[in-house]
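Participant: Just so we're aligned, residue 2 is where the sequence shown starts under our numbering, counting upward by one.
Just so you know, these hints were derived from the structure itself, not from any lab. Please read all numbers here as calculations on a predicted model, not as lab measurements. Some hints could be false.
Here are the in silico distance ranges between beta carbons for each label pair [what the hints assert, rightly or not]:
#1 117 x 79: 27 to 37 Å
#2 100 x 19: 43 to 53 Å
#3 67 x 46: 18 to 28 Å
#4 114 x 92: 25 to 35 Å
#5 92 x 121: 29 to 39 Å
#6 14 x 117: 38 to 48 Å
#7 80 x 22: 42 to 52 Å
#8 67 x 22: 17 to 27 Å
#9 126 x 6: 33 to 43 Å
#10 127 x 46: 38 to 48 Å
#11 17 x 129: 46 to 56 Å
#12 52 x 130: 32 to 42 Å
The beta-carbon is built from N, C-alpha and C at its ideal position, and this holds for glycine as well.
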Amino acid sequence: MRSLSLTIHTIPEPKIRVPLKAEFHYAVADPLTVLVELRASPSDVVSWVISRDLLFDGTTEPSGLGDVRLWPSGSGTRRVMYMKLEAHGTSCLLEMDPEPLEKWLLETFALVHPGTELCDVDWHAVTAGLMSD
């Protein structure tokens with residue numbers, strides 16, 4: 002498993018930034034997704050499973066629909082990425098530096114190249130499993 006720890010910020014109100022620890026985890030066994038753990042405290046963790054491609058796209062262009070939306074802002078030395086997470090009628094707006102995330106995601110692409118994530122799936126076994134249910 003490949004992991005990245007970052008301090009990001011939650012934005013509960015305009016002009017208020019609250020630091021938050023975020024951990025991103027990538028496993029070759031689940032090549033399409035990244036597990037994102039947001040830690041307000043050691044015992045208070047919220048986990049999201051987000052598409053790896055969606056995260057990468059969000060570093061340079063708006064991406065996502067529904068519960069997870071990402072978009073970049075700024076330019077030059079002051080680039081940021083916003084992530085809006087929504088579930089059960091509540092939402093959370095997060096702000097982060099996209100550069101460490103981009104670098105880490107490129108490392109995950111070296112482990113499993115984009116477009117090859119499902120090449121090792123035994124589709125006959127998957128189909129047989131679905132047909133037997």
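Participant: Compare the structure with each hint and give your call.
Facilitator: Status of each hint after checking the structure:
1. Hint check: residue 117 to residue 79, Cβ distance near 35 Å, so the stated range 27 to 37 Å holds.
2. Between residue 100 and residue 19 the C-beta distance comes to about 21 Å, which lies outside the given range of 43 to 53 Å.
3. Checked against the hint of 18 to 28 Å, the C-beta distance between residue 67 and residue 46 comes to roughly 22 Å, which is consistent with it.
4. Separation of residue 114 from residue 92 is about 34 Å and conforms to the stated range, judged on CB atoms against 25 to 35 Å.
5. In this structure, residue 92 and residue 121 meet the distance hint of 29 to 39 Å, their C-beta atoms being roughly 36 Å apart.
6. For residue 14 and residue 117, the Cβ-Cβ distance of about 43 Å falls inside the hinted range of 38 to 48 Å, so the restraint holds.
7. Checked against the hint of 42 to 52 Å, the C-beta distance between residue 80 and residue 22 comes to roughly 21 Å, which is inconsistent with it.
8. Between residue 67 and residue 22 the beta carbons are some 25 Å apart, a value that agrees with the proposed interval 17 to 27 Å.
9. Taking the beta carbon of each, residue 126 and residue 6 are about 36 Å apart, inside 33 to 43 Å as hinted.
10. Between residue 127 and residue 46, the C-beta spacing of about 31 Å breaks the proposed range 38 to 48 Å.
11. A C-beta distance of roughly 54 Å is found between residue 17 and residue 129, which places it inside the suggested range of 46 to 56 Å.
12. Taking the beta carbon of each, residue 52 and residue 130 are about 23 Å apart, not inside 32 to 42 Å as hinted.
The structure fails hints 2, 7, 10, 12 (numbered hints given earlier, in ascending order).
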